[in-house]
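Chemist: Sequence:
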Amino acid sequence: MILTAFLFLFNQRARYRVFIIINLLVSVILVADVVYARYFSDVISIALLRQAKLAAGVQDSVLALVQPRDLAYFLDLCILIPALWRIRRQKGKPASLPWPGRLAILCLLFLVGTNQVQASVASLQERQPGLIRAFWDKQVVANNIGTLNFHAIDFWRYAQKKIATRPLPEEEQAAVAAWFAEQALPTQQKRYHKAMEGKNLILVQLEAFQGFVLNLEINGKEVTPNLNRLAKQSLTFPNAYYQTAMGGTSDAEFLANVSLFPAKDGTAYYEYSANTFKSLPLAAKEKGYATAVMHPFRPGFWNRPSMYKALGFDTYLNQQDFEHDEIFGMGLADHSFYRQAVARMKEMPQPFYTFLISLSSHFPFTDPKVDLRDRLDLGPFAGTLLGNFLLNAHYADEAVGVLIEELKAAQLWDNSVVVFYGDHHAIPEKQNHLLAQLLYDKEELDPVEWQEAQKVVMMMHFPGEEIKGQQTLVAGQIDLFPTLANLLGFDCPYTLGQDLLNADAGFVCFRNGNWLKDEVVHFRTTNEVMDRQTGETLPLADYETLAALAEEKLRISDLTLEHDLIKKWQTGVNE
393 MILTAFLFLF NQRARYRVFI IINLLVSVIL VADVVYARYF SDVISIALLR QAKLAAGVQD
453 SVLALVQPRD LAYFLDLCIL IPALWRIRRQ KGKPASLPWP GRLAILCLLF LVGTNQVQAS
513 VASLQERQPG LIRAFWDKQV VANNIGTLNF HAIDFWRYAQ KKIATRPLPE EEQAAVAAWF
573 AEQALPTQQK RYHKAMEGKN LILVQLEAFQ GFVLNLEING KEVTPNLNRL AKQSLTFPNA
633 YYQTAMGGTS DAEFLANVSL FPAKDGTAYY EYSANTFKSL PLAAKEKGYA TAVMHPFRPG
693 FWNRPSMYKA LGFDTYLNQQ DFEHDEIFGM GLADHSFYRQ AVARMKEMPQ PFYTFLISLS
753 SHFPFTDPKV DLRDRLDLGP FAGTLLGNFL LNAHYADEAV GVLIEELKAA QLWDNSVVVF
813 YGDHHAIPEK QNHLLAQLLY DKEELDPVEW QEAQKVVMMM HFPGEEIKGQ QTLVAGQIDL
873 FPTLANLLGF DCPYTLGQDL LNADAGFVCF RNGNWLKDEV VHFRTTNEVM DRQTGETLPL
933 ADYETLAALA EEKLRISDLT LEHDLIKKWQ TGVNE
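Counting from 1 along the sequence shown, just add 392 to a position and that's the residue number in our numbering.
These are calculated hints, taken from the structure and not from any lab test.
A couple of the hints might just be wrong.
In the BS3-like style, the derived pairs of lysine-lysine whose C-alpha atoms are separated by at most 25 Å in a straight line are [to be verified]:
| no. | residue 1 | residue 2 |
| --- | --- | --- |
| 1 | 960 | 701 |
| 2 | 624 | 591 |
| 3 | 677 | 738 |
| 4 | 679 | 701 |
| 5 | 959 | 679 |
| 6 | 677 | 960 |
| 7 | 960 | 945 |
| 8 | 834 | 613 |
| 9 | 738 | 800 |
All of these numbers come straight from a predicted model, not from anything done at the bench.
Given only the sequences and the hints, what does the whole structure look like? Please build it.
Modeler: Below, the structure written as structure tokens:
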């Protein structure tokens, strides 16, 4: 209604043209929201629009989400455009309201429209205090106040952030620094401190690798035989969760290498690539390590060149640096990528830290040129998104076996800490019923079961298998850096994760405000705490301290990023 009001700024002939332009823009926005929501179950934000060019890099994934019915959003243009053509062909000047009349209608529509928006916002604020301010669940905001109203508020927030961010007072900067200092456990109290000192570190980020595939059998055949075998020789984290937000894969990289939370809006790789960090690669370099990151995809995707420089990687190898002799899905198959990556590692001075980012198990989990259907007898899941993912996971696991054998052949396996972890979900919430059928033989997952399904693979293999078994505490990607830093003797003063080998209890919080403790899960949208085993709702008052801790961690992370505080602390240079 508010957009309609502004049409009365124009005369009748121009009004139709402007209306068609606005209509087209609104249709494009709605289709973009629908397509994005099909996989991410979220709403596009203004900050994310800066990354619209990334869609070209994953066009197969985008096209897989577009459906013919989406054209319905543009059907009204088939009526409006001929109407405009007829008006333009009319002879003489079309009748038009005088300016005072148009102004009166404009004001009336604007007032009624803004009143409706204010009412819906106020209602949401009453039911979800703080949601409009924090935007922890954008989909809930859009569903309650309308998609276009959401985008208007989102634009306003983004503009305010860009032009009106106030400097952080010195006392607040000091308070954040003190918070980090208080979290540090004295070195002499840490178990396994420097247990892997001087060893190479190889961190492998597995694309869309959810944890339920481990030890899963489909009609008697293992989905991930290589990872299953490796798990028996490694330290595993069966309750590890992904913590990514808008940035997907890049958020997982950020969590693992920086141990701060993803950006509140947009992605850290875009918003904060000019920041100073105390990252895992920089900590490794301080101990004399060579550092490299390898990912066989376009170098500009996710602003990687800028961010990798900020994170301290000496070398960045991308699709231009590999021979594309074996293609699967979006690019170089993991099998070939791992073989070529190990060949590069053999040439690196030791010790080294190498970060590998896989690609083959990327959505939509199909490649028309490579048929994987005979690898698993999927039964009722054949041809479904879940079935295709299981085939891809099996294929990616086969590549993991190649990587392990190549590292052994290169005599790197026995001198390296090798870590595998999944980056984010593979199955969107709208495919809930498929996971329910696979994991529980039921029709739909309840909220606790769905949360439990958001675990990812996480395991660490150590030379000589000196440390192995299970660490059952709940864990997140944010815990990788502090855990590895203790083992390797690295410095990590500004991390929000915890060392999982020295933690007394697990605690994982997410960008949307949800959090997990070992026994319970808290859902921010409904403001409920539930038992992870039984699904029973528990008294919220018993967990107020943990809720406050989750909010504080997110606040500390946001302040650190938004005000580039690590630069201030390390160099003394203020914002």
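Chemist: Indicate, hint by hint, whether the structure satisfies it.
Modeler: Each hint tested on the structure:
Of the pairs offered as hints, the one joining residue 960 and residue 701 holds, with about 19 Å between alpha carbons and a cut-off of 25 Å not exceeded. With a CA separation close to 21 Å, the supplied pair residue 624 and residue 591 stays within the 25 Å bound. Taking the CA atoms of residue 677 and residue 738, the gap is about 18 Å. The hint holds against a cut of 25 Å. Distance check on the hinted pair: residue 679 and residue 701 sit about 18 Å apart at the alpha-carbon level, within 25 Å; holds.
Straight-line distance between C-alpha atoms of residue 959 and residue 679 comes to about 20 Å, which keeps the hinted pair within the 25 Å bound. With a C-alpha separation of about 21 Å, the suggested pairing of residue 677 with residue 960 holds against the 25 Å cut-off. Distance hint between residue 960 and residue 945 is fulfilled; the C-alpha atoms sit about 20 Å from each other, no more than 25 Å. The straight-line distance between the Cα atoms of residue 834 and residue 613 is roughly 22 Å, inside the 25 Å bound, and the hint therefore holds.
The suggested pairing of residue 738 with residue 800 holds, with an alpha-carbon distance near 11 Å, which does not exceed 25 Å.
Of the numbered hints listed earlier, not one is contradicted by the structure.
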